[in-house]
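Chain by chain, the residues:
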Amino acid sequence: MASSTCAQQPALANFPLLTNKEFNSACREFLDRVRLVDESTSKQLTVRLTQRTTGPILSIIRRIAHPGIPTCDGLSLEDEPNPRRQLEAYEDDPEALIRTTEPSIGLHVVYDVVLSPTYQTPVLYFGLRRYGHPEPLGIDAIYQYLVPSQYRKELRSVGVMGGISLGYHPDSGTPAFFVHPCNTADAMRQLAGHRHVTPETYLIIWLGLVGNRLGLQLPREIFATDGMRGILRC
Amino acid sequence: MDAKASLGSIQKAVWNGKLPLHITLAASESRTFDQTDPYLISYSRISYLPSLLPRLRDFFASSLINPTSGPHEGWFSFEGVPLKWHYPIGLLYDLYAGADPASKGGTDTDLLSAADEDPLPWRLTVHFSDWPDEELVRLDAEGMVMHDAFINSVKEADFLRNGTAKGIMTLSKEDSAGLWRAVRDVDLPSFQRISNILLPPPNQPFRNVPIRFFLPLPPDSDSPSLKVVQSPIPPVIQPSSAVAASTMNVAASQSVMAAARGAPQTQTVGSALHALLPNLFPSRRTPVLAKPVLHGAAVPMGAPVEELVRCSAYGDGWVYVVVRMMG
Chain W
2 MASSTCAQQP ALANFPLLTN KEFNSACREF LDRVRLVDES TSKQLTVRLT QRTTGPILSI
62 IRRIAHPGIP TCDGLSLEDE PNPRRQLEAY EDDPEALIRT TEPSIGLHVV YDVVLSPTYQ
122 TPVLYFGLRR YGHPEPLGID AIYQYLVPSQ YRKELRSVGV MGGISLGYHP DSGTPAFFVH
182 PCNTADAMRQ LAGHRHVTPE TYLIIWLGLV GNRLGLQLPR EIFATDGMRG ILRC
Chain L
4 MDAKASLGSI QKAVWNGKLP LHITLAASES RTFDQTDPYL ISYSRISYLP SLLPRLRDFF
64 ASSLINPTSG PHEGWFSFEG VPLKWHYPIG LLYDLYAGAD PASKGGTDTD LLSAADEDPL
124 PWRLTVHFSD WPDEELVRLD AEGMVMHDAF INSVKEADFL RNGTAKGIMT LSKEDSAGLW
184 RAVRDVDLPS FQRISNILLP PPNQPFRNVP IRFFLPLPPD SDSPSLKVVQ SPIPPVIQPS
244 SAVAASTMNV AASQSVMAAA RGAPQTQTVG SALHALLPNL FPSRRTPVLA KPVLHGAAVP
304 MGAPVEELVR CSAYGDGWVY VVVRMMG
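As they're listed, the protein sequences go chains W and L. Going by the working numbering, the first sequence opens with residue 2, and the numbers climb by one from there. Going by the working numbering, the second sequence opens with residue 4, and the numbers climb by one from there.
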């Protein structure tokens, strides 16, 4: 993973904006990182990268075996890495394994990260479905199952309908929820403006910023390797 | 005629543009199957389809097999294709009706005439049940979803023009709601008052121009997605800058560079199309294989893109150009 150490990657040309090329390389490096730990995380997450005419799409599919109250227990850049915690919670509970095969209980979320041609920042499109049901769940279910309680008020209070909008997926053209990206560039500048930001660190910080609010929790072992441990010191 | 008066008169013509619509109730939802009288209306091109739903729901009330559905459960289709309600009616017509665009010399005769029959009035079907969830975002009774989609689009245009979304974010709540109301009610004076707060003054050029190009789909395509091309397009091509090079392929950015050798040049519809879609637009000046269509008319290739946006954008601040193949 020498390619993902901060020192060897050039900083972004137009931070806090991201070019197509930078977004593409960020997605590739992220995918490489996930592949290293894939076996142990594949129970919860599937990550893939597809190239479409509109640009690359980084898809992350998360399975929620027992939907409950979401917590902000995933990616948190300030915390010490604790790679085993999340996975063990599932492995130690024999009932969990039974429940994952129960179609009426489980949920799965498809998160698609694409680059906005207007804002030149990543945008998160996502849809929540029950196992075995093709129709997507509505906004109330999104808040109930995905948005950690500490973010609900903040997300609901902005814009005409809150920070989560319904629009059309740029590739499939089908309805999808998305987080409106008009403030992403400013938020990224505030979070990471003083650091040497490479494409991959940009994507990781962005996932922490936007993903955490929508239940996109990445197991910490993804960040337990080499340069990413020192992401904030780069 | 000075330039300002001319831009104003074009904007007025755009806002006055109307389409005759012939709307029938879906036969499967009608007590009289396909014998229900159609609803006929001449409707503003810059309006959105959901604005018609309350009156259509009233008009077809006695014919509905299921009388419990509300106006916001209504959706439209053309020849079986559900129409995306967040696009203005005029754009949907330019995209789907297959009509020849008007041009200076009258109707174009060099364009492929896809429609054997007269495309006008535009024949649409309204449905009040069986919402196509895989294709259309659902509306709500309060009209919030529609309003939200409009404002998101306004924000995007604002961000491209200024490089920040501060304009629309600092717009007062009344003016923000007023902008949507002005477009919904086709009230040009109210619209101009609020949009003048958002638009940079004429002597201050846009950073980028909010313009999207819609490509024709191959006839055998079963994808519901429209192919939309968007890339940062500055109003002036600087001699030494690689305009949006990072978002274009190498050939496209080289052609922008070649065009920009020497003095700064005004970005025209032709130069933008040539840079983004060099295969369809091998020339910057003459349409060879395809034509740009806006508000039902063929756009001159030499039209400067910033002027085009200032005078003939839709209510959300965007210019939506449909690329039409020539026969």
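Note that these hints are calculated values from the structure, not bench results. Do not rely on the hints blindly, as some may be mistaken.
[Claimed, not checked] Rough simulated footprint, nothing fancy, chain W against chain L, three-plus residues with beta-carbon under 8 Å: (1) 133–145; (2) 154–165.
[Stated by the list, open to error] Once the Cα atoms are required to be at most 30 Å apart in a straight line, the calculated DSS-like pairs of lysine-lysine come out as: (3) L:169 - W:154; (4) W:22 - L:15; (5) W:154 - L:176; (6) L:21 - L:230; (7) L:169 - L:21; (8) L:230 - W:22; (9) L:15 - L:169.
Even glycine gets a Cβ: it sits at the ideal position worked out from N, Cα and C.
Find the hints from earlier in the document that the structure breaks and name them by number, from lowest to highest. 4 and 7
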